[in-house]
Amino acid sequence: MIFTFSGACNSGDNLFDIKTIENRYNIAVARTMEREDNHSPALARLYIDREKGELVAVTDHLKERGITQLSNHLKILKDKPELMGLNLKDLKLGQPIKKQINGHNALQTEVFATMKLDDTWQKVWGILVYIEGKTHIYQITAWLINDDPGEDDTRLHQTINSFEEVRAEEY
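Convert by adding 226 to the 1-based position in the sequence shown; the result is the number in our numbering.
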C-alpha cells in the first residue's frame with residue numbers, strides 16, 4: 227500500500243510540494259510537475275513538467291553494502307541503462323562525486339542521454355544520485371529535456387537535495 231503526503235515549501239521563486247513516497251521518504255517536487263502513472267515498474271514515482279521540459283524519477287531497493295554498492299550501481303548503468311527505469315540510449319555518465327544529503331552518504335553524477343518520452347526520442351541532460359539510507363539505496367534522477375545544464379537546473383538540484391528518509395525499515 228502506498229500513501230502520499232503532500233505539503234508545500236517555497237525555495238526562492240520556485241514552489242515545491244513535499245511528496246512522501248511509500249511512507250518512507252520525502253522529496254520536494256516542483257508544483258508544476260504532474261505525477262505520471264504510466265511508467266516502468268522499476269520506478270516508485272515519476273513526475274513530469276512537459277512545458278518546462280523537466281522530469282524527476284525516484285526508486286529504491288534494499289541495500290547490500292553502502293557507498294561501495296553506490297559505486298557499483300554506476301558501473302552497471304553504463305551497460306544497462308534500462309535499470310534506471312527509463313527508456314534511455316547513448317548514456318554518458320560524468321565523474322561521480324561523493325556528498326552528503328541530509329546526513330546520508332550519496333554519490334552524484336551528471337548524465338547525458340537520449341530518452342524516449344511520449345513516443346519521441348529526445349536529448350536529455352540529468353543528475354543521477356544514489357543515496358544510502360539505513361536499509362535502502364534511493365535513486366533519484368532529475369532531467370532537463372532538450373536542454374543543457376545551467377540556470378534551469380536549480381530546481382533539479384533543489385529536488386535532489388530535499389531528500390529525507392522518514393522511516394527506515396525493510397519491506
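Careful, some of the hints might be misleading.
Below are the EDC-like pairs computed for lysine to aspartate or glutamate, each with C-alpha atoms no more than 16 Å apart in a straight line [as the list claims (entries may be wrong)]:
| # | residue 1 | residue 2 |
| --- | --- | --- |
| 1 | 325 | 262 |
| 2 | 306 | 290 |
| 3 | 342 | 379 |
| 4 | 360 | 390 |
| 5 | 349 | 336 |
| 6 | 315 | 290 |
| 7 | 360 | 316 |
| 8 | 304 | 290 |
Please keep in mind that the hints were generated in silico from the structure rather than gathered at the bench.
If you test the structure against every hint from before, which numbers come out violated?
Of the numbered hints given earlier, those the structure breaks are 1, 2, 3, 6, 7, 8, listed in rising order.
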